[in-house]
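K.L.:
Residue-level listing of the chains:
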Amino acid sequence: MNFDYSEEQQLLADSIRRFIAKDYDFEARKKIVASKEGYSAEVWATFAEIGLLGIPFAAELGGFGGGAVDLMSAMEAIGEGLVVEPFLPTVGLGAQFVARGGSEAQKKAILPAVIEGKLEMAFAHTEDGARYDLAHVAAAAKKAGKVWVIDGEKRVVLGAPLADKLVVSARTSGKPADAKGISLFLVDRAAAGVSLRPYLTLDETRAADVVLKGVEVGADALIGKEGEALALIEEVVDFATALTCAESIGVMKQANDATLEYLKTRKQFGVPIGTFQVLQHRMVDMVIAAEQARSMAFLACAKVDAETNPAERKRLVSAAKVKIADACRHVSQEAIQLHGGMGMTEELKVSHAFRRLTVIAQQFGDAEHHLERFAALDRS
Amino acid sequence: MDLNYSSEELAFRDEVRGWLNANLPDDLRRKVAEYEHLTRDDLLRWHRLLAKKGWIAPSWPKEWGGTDWNLVQRYIFEEECGYAGTPPLIPFGLSMCAPVLLKFGTEAQKKRFLPRIYNGDDFWCQGYSEPGSGSDLASLKTKAVRQGDHYVVNGQKIWTTLAHYADWIFCLVRTDSGAAKRQEGISFLLFDMKTPGITVRPLILMDGGHEVNEVFFDDVKVPLENLVFEEGKGWTVAKYLLGHERMNTGRIGASKRELTKLKEFATEQTKGGRPLIEDVRFRDKLSRVEIELTALEITNLRFLDQMRRTGQAPGADVSMLKIKGTEIQQALSELMMQAVGPLAQPFRPSDGGDGFDSFVAALAPRYCNMRKTTIYAGSNEIQRNIISKMTLGL
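Heads up: the protein sequence lines correspond to chains H and X, in order. For the first sequence, the numbering used here begins at 1 and goes up steadily by one. For the second sequence, the numbering used here begins at 1 and goes up steadily by one.
It is possible that some hints are incorrect.
[Claimed, not checked] Result set (DSS-like, lysine-lysine): computed pairs, CA atoms no more than 25 Å apart in a straight line:
{"hint": "1", "chain 1": "X", "residue 1": "K389", "chain 2": "H", "residue 2": "K267"}
{"hint": "2", "chain 1": "H", "residue 1": "K264", "chain 2": "X", "residue 2": "K110"}
{"hint": "3", "chain 1": "X", "residue 1": "K372", "chain 2": "X", "residue 2": "K263"}
{"hint": "4", "chain 1": "X", "residue 1": "K111", "chain 2": "X", "residue 2": "K233"}
{"hint": "5", "chain 1": "H", "residue 1": "K225", "chain 2": "H", "residue 2": "K143"}
{"hint": "6", "chain 1": "H", "residue 1": "K143", "chain 2": "H", "residue 2": "K253"}
{"hint": "7", "chain 1": "H", "residue 1": "K349", "chain 2": "H", "residue 2": "K30"}
{"hint": "8", "chain 1": "H", "residue 1": "K253", "chain 2": "X", "residue 2": "K141"}
[Said to hold, decoys possible] Rough simulated footprint, nothing fancy, chain H against chain X, three-plus residues with beta-carbon under 8 Å:
{"hint": "9", "segment": "52 to 62"}
{"hint": "10", "segment": "302 to 309"}
{"hint": "11", "segment": "320 to 333"}
[What the hints assert, rightly or not] Short derived list, chain X residues pointing at chain H, Cβ under 8 Å:
{"hint": "12", "residue": "M1"}
{"hint": "13", "residue": "Y5"}
{"hint": "14", "residue": "S6"}
{"hint": "15", "residue": "E8"}
{"hint": "16", "residue": "R30"}
{"hint": "17", "residue": "V32"}
{"hint": "18", "residue": "G178"}
{"hint": "19", "residue": "T294"}
{"hint": "20", "residue": "L394"}
Everything labelled a hint here was simulated from the structure, so no lab data went into it. This one's a predicted model, so the numbers in the text were calculated from it and none came from an experiment. Just so it is clear, CB atoms sit at the ideal spot from N, CA and C, and this is done for glycine as well.
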């Protein structure tokens with residue numbers, strides 16, 4: 001039993017925090033969000049330079065050979081800074097499919113470039129009507145001689161406007177909700193037949209709906225075995241969920257710190273509002289929610305790294321996400337309420353934390369979805 | 001980072017678990033599992049079994065019978081007792097009076113009281129709360145006046161748990177009503193419950209149970225040698241006791257046992273011909289409690305790990321464990337009651353009791369009884385005040 005970050009983990013988080021304090025404060029972030037691309041190439045280059053982009057990849061490809069636990073402290077720091085660059089879509093999702101299910105040739109072609117910050121990725125999966133059901137894939141890939149031809153529409157593809165490569169799920173057999181018959185393909189975002197409807201998400205990152213019309217890819221674009229992708233999709237999405245849980249701890253810390261500071265400085269009736277017991281107790285409950293969430297982020301990260309039984313991994317990641325979704329809603333809503341009218345404005349960072357926490361609460365499954373999965377996987 | 005116990009810690013846990021399984025008497029195990037009333041003899045029988053094994057007072061110094069276990073071992077032991085469903089160890093002697101004597105008592109006091117506490121010869125109770133002073137302890141009024149070689153005590157205590165079983169009581173009394181700060185006139189005294197002038201009156205709780213009492217003092221003579229620490233320094237003693245290391249405040253082990261029982265029980269109950277546990281609305285409530293408990297267990301281990309590494313006392317963290325732990329205990333008792341639906345209404349047989357299901361009838365009273373957990377030992381609102389002041393600086 002040991003809940004300390006290792007020296008490497010702590011150093012990485014420290015360097016991200018230093019970078020955020022110096023070059024990624026609230027004003028700098030605002031400029032990035034308002035820019036055409038909604039992203040800073042310098043920031044991305046810095047992430048590559050400090051080694052952040054290589055943490056969860058094999059050492060022989062230039063990575064660090066780590067897992068979610070090694071990224072936890074970094075995710076916390078990313079959360080504190082409300083970083084909008086597509087770390088999760090690239091490192092937490094897209095490249096994970098290649099690292100975990102790709103051929104040696106695919107790994108060599110893609111992962112070193114990701115680690116060096118030269119290649120960005122996105123996971124094109126969610127479709128209309130799927131909600132959080134990972135098996136719901138209607139997009140189809142059909143063999144035509146030596147190539148696959150993909151047709152379908154994907155929704156809310158995080159990081160798609162910035163991505164060089166997409167990992168696209170498509171059905172090679174069966175019906176839309178079948179567990180079998182889903183395959184994964186590497187597709188160039190710039191390939192013929194790929195079109196994007198890009199937008200800003202509620203939490204100010206870039207995403208797009210992606211339409212694929214007669215997109216042709218070679219046999220070497222298939223990741224893993226044909227029709228057998230669901231288990232890999234579940235594994236990678238659990239990994240990304242664990243990272244998001246860790247990130248939420250940083251966002252909640254930011255919201256709680258800002259709220260506590262506000263309670264101590266904002267005066268009404270001649271006294272700081274933090275002297276009112278009704279507000280003190282609400283603040284305490286926010287802090288307790290964040291502590292319980294932190295415990296569950298530890299659990300999620302440890303399990304996606306080390307749990308070999310997929311059912312048990314899914315059960316405990318779901319347990320974590322239930323608690324974290326609840327905590328995200330509780331902390332974000334109370335943070336705004338305790339800030340009063342000022343909390344409603346765009347001018348304070350806390351309202352941006354609210355937006356990020358609102359998104360995290362629903363990303364990769366809301367509390368109800370994960371409660372259902374948790375209950376269904378109970379061993380007793 | 002590692003969420004798991006070390007192999008040594010797991011071996012220790014297995015040793016404790018094995019011993020408890022082999023030595024917890026079946027009748028006591030059944031009584032605890034079925035929420036039955038535990039008599040004085042039940043409590044002392046278990047106390048003496050642990051004393052004989054040498055495990056009754058793990059945190060005491062070795063010379064007085066402590067086990068020399070580290071923090072994690074002590075935590076594991078307490079949680080395993082909860083998980084096995086042993087009778088509770090009554091804390092008033094073992095983990096309240098004894099630590100005070102060890103810290104503030106004279107050698108004579110230690111020699112006189114500690115071995116008897118260890119062996120279960122004396123049953124202790126705690127005289128803190130008074131009718132007008134609950135959460136605001138320093139407002140207590142029970143008065144002790146020095147006369148020759150003794151104090152004469154007059155006043156009243158309330159919520160005195162198991163005073164009707166007790167041989168001894170430790171009390172906070174006011175020895176100086178003129179002190180500048182009201183905390184300064186308080187002293188810590190030990191009384192023999194057989195002393196003339198002490199009257200114990202039961203306060204029956206809404207579940208029908210007799211746990212707590214009012215205790216009246218009418219010219220009770222307490223020898224001066226029963227003063228602990230200095231006269232007027234009782235508040236220092238009381239504060240030490242409040243801050244004394246308590247890492248099992250969350251009662252994780254006992255709640256895990258209750259959760260397992262609830263799952264089994266809700267599988268036996270039916271709704272529309274199907275096991276109740278498959279009912280989505282019931283199941284969601286149960287799953288949420290299970291997730292809360294998982295989170296609390298990891299939080300508890302985090303605090304333990306932090307204490308182990310920094311050597312810091314648990315401080316305000318314990319308040320968090322108390323708040324969440326008691327909320328979970330209450331939620332579990334409520335779900336057990338809800339699991340039997342309308343059958344939760346029978347309370348007590350009025351004629352003979354043939355065919356009366358006393359286990360099912362114990363569920364609603366237990367729900368009633370568990371409401372106490374968020375009130376006692378510093379209400380959950382007081383715990384929030386502590387976190388607000390000590391951790392957040394508000």
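K.L.:
Give a verdict on every hint.
P.N.:
Quick rundown of the hints versus the structure:
Under the criterion of a C-alpha separation no larger than 25 Å, the hint pairing K389 of chain X with K267 of chain H is consistent with the structure, at around 18 Å. For the given pair, K264 of chain H sits about 47 Å from K110 of chain X by alpha-carbon distance, which is inconsistent with the 25 Å threshold. Distance check on the hinted pair: K372 of chain X and K263 of chain X sit about 24 Å apart at the alpha-carbon level, within 25 Å; holds. For the suggested pair K111 of chain X and K233 of chain X, the alpha carbons sit about 22 Å apart, so the restraint of at most 25 Å is met.
As the CA atoms of K225 of chain H and K143 of chain H are separated by approximately 14 Å, the hinted pair is consistent with the 25 Å bound. Note on K143 of chain H and K253 of chain H: the hinted pairing is violated, with a Cα-Cα distance of about 50 Å set against a maximum of 25 Å. Simply put, K349 of chain H and K30 of chain H have alpha-carbon atoms about 10 Å apart, close enough for the 25 Å limit, and the pair holds. A hinted pair counts as satisfied when its Cα atoms are at most 25 Å apart, and K253 of chain H with K141 of chain X does not qualify at roughly 44 Å.
Coverage of the segment 52 to 62 of chain X by chain H is violated in this model, with 0 residues showing a Cβ closer than 8 Å to a Cβ of that chain against a need of three. With 5 residues having a Cβ less than 8 Å from any Cβ of chain H, the segment 302 to 309 of chain X passes the three-residue criterion, so the hint holds. For the segment 320 to 333 of chain X, the assignment as covered by chain H holds, since 3 residues bring a beta-carbon within under 8 Å of that chain's beta-carbons and 3 suffice. Against a cut-off of 8 Å between C-beta atoms, the interface hint on M1 of chain X holds, since the closest Cβ of chain H lies about 5 Å away.
Taking 8 Å as the C-beta contact cut-off toward chain H, the hint placing Y5 of chain X at the interface holds, the least distance being around 6 Å. Because the beta carbon of S6 of chain X sits about 7 Å from the nearest beta carbon in chain H, less than 8 Å, this interface hint is met. For E8 of chain X, the shortest C-beta to C-beta distance to chain H is roughly 11 Å, which exceeds 8 Å, and the interface hint is violated. Evaluation of the R30 of chain X hint against chain H yields a violated restraint, the C-beta minimum of about 22 Å exceeding 8 Å.
A hinted interface residue such as V32 of chain X counts as satisfied when its beta carbon comes closer than 8 Å to some beta carbon of chain H; here the least separation is about 21 Å, so the hint is violated. Against a cut-off of 8 Å between C-beta atoms, the interface hint on G178 of chain X is violated, since the closest Cβ of chain H lies about 31 Å away. Taken as an interface hint, T294 of chain X checks out: its beta carbon lies about 6 Å from the nearest beta carbon of chain H, inside 8 Å. Checking L394 of chain X against chain H: minimum C-beta separation of about 4 Å stays under 8 Å; hint holds.
In terms of the numbered hints stated before, the structure departs from hints 2, 6, 8, 9, 15, 16, 17 and 18, listed from lowest to highest.
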